[in-house]
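**Student:** Chain residues, written in single-letter form:
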Amino acid sequence: MDSYQNNELFTPRSNVQPHRATLVMVMGVLGLVICGIFGIVAWVMGTSDLRKMREGSMDPSGMSTTNVGRILGMVSCAIWGLMIAYYLGMVTAFF
Amino acid sequence: MRIRIRRNSEPFPYGVLVFCVFVSLMLLSAVLYFVTGGAGLCLFHKFTGVKCPGCGLSRAWVALLQGRILRALSLNPLMLIFSLLFTLHMVLPVLFRIQISYEISGREQRFILAIGLILLLLNWLYIVLPA
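So the sequence lines, in the order shown, correspond to chains P and U. For what it's worth, the working numbering labels the leading residue of the first sequence as 1264, then goes sequentially. For what it's worth, the working numbering labels the leading residue of the second sequence as 56, then goes sequentially.
These are calculated hints, taken from the structure and not from any lab test. For each residue, glycine too, the CB sits at the ideal point set by N, CA and C. Treat the hints with caution; some may be incorrect.
Looking from chain P toward chain U, a few residues come up when the C-beta cut is under 10 Å (computed) [said to hold, decoys possible]:
id: 1; residue: Gly1299
id: 2; residue: Ile1303
id: 3; residue: Ser1311
id: 4; residue: Trp1343
id: 5; residue: Met1346
Reference listing, derived: stretches of chain P covered by chain U, where coverage requires no fewer than 3 residues with Cβ under 8 Å from a Cβ of chain U [as the list claims (entries may be wrong)]:
id: 6; region: 1278-1292
id: 7; region: 1349-1355
This is chain P alone, in the form it adopts within the complex (with noise of 0.2 Å):
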């Protein structure tokens, strides 16, 4: 047991950041449901937090909630995205 404990492996690291996989949730349900601009900062916080998790420099306990975050932000970015091809082709049609 004591073997098992004493494992560097297996020692929480002090200088891990605690994840923000609630915040990049809210960001991009936020983008969603109302304004697309929340979308990106969902998009762009997901995928800086991620790639720091990956690193190891922050805890990974919230991995899946921040991708469904970052995921979320990305299909807001995308319907955002759709809606202006969507008004500028009615722009296009009427003139």
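Assemble chain U onto chain P, guided by the hints.
**Tutor:** Relative to chain P, chain U alone:
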């Protein structure tokens, strides 16, 4: 909370795709705003009939670019500051290779989230309620 400002070796710390999507969406929004005269661009407003917390942001940006700062702030105060900070956050690494990052604990994160949502709600009421 700790704010770290450091020089970055790469110009796109969040990836080239994110930056391209951000710039193209901003440019397309601007083109659409000037072509249509800023009428009816919000999907939330189109479906619900209620203005969203981001409504008035395009007009606020245009007013800001024209140098009418007070007019810009009166149109959508919270979202204008938020989007301005976010734009600087996206542009600074590309122009000057400077990256700003935040280290926040779980407790601070919940506090910031609660304050942010309250401010967003107040901002929304300010936009929705008639003057």
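**Student:** So, for every hint listed, does it hold in this structure?
**Tutor:** Consistency of the hints with the structure:
Interface hint status for glycine 1299 of chain P: upheld, as the beta-carbon distance to the closest one in chain U is roughly 7 Å, under 10 Å. At about 5 Å, the closest approach between the beta carbon of isoleucine 1303 of chain P and any beta carbon in chain U falls short of 10 Å, and the interface hint on this residue holds. This hint holds: serine 1311 of chain P has a C-beta 6 Å from the nearest C-beta of chain U, less than the 10 Å allowed. Look at tryptophan 1343 of chain P: its Cβ gets to within about 6 Å of chain U, closer than 10 Å, so that hint holds up.
Because the closest C-beta pair between methionine 1346 of chain P and chain U is about 5 Å apart, less than 10 Å, the hint holds. With 6 residues carrying a beta carbon less than 8 Å from a beta carbon of chain U, the region 1278-1292 of chain P meets the three-residue requirement, and the given coverage holds. A stretch counts as covered by a chain when three or more of its residues have a beta carbon under 8 Å from one of that chain; for the region 1349-1355 of chain P and chain U the count is 3, and the coverage holds.
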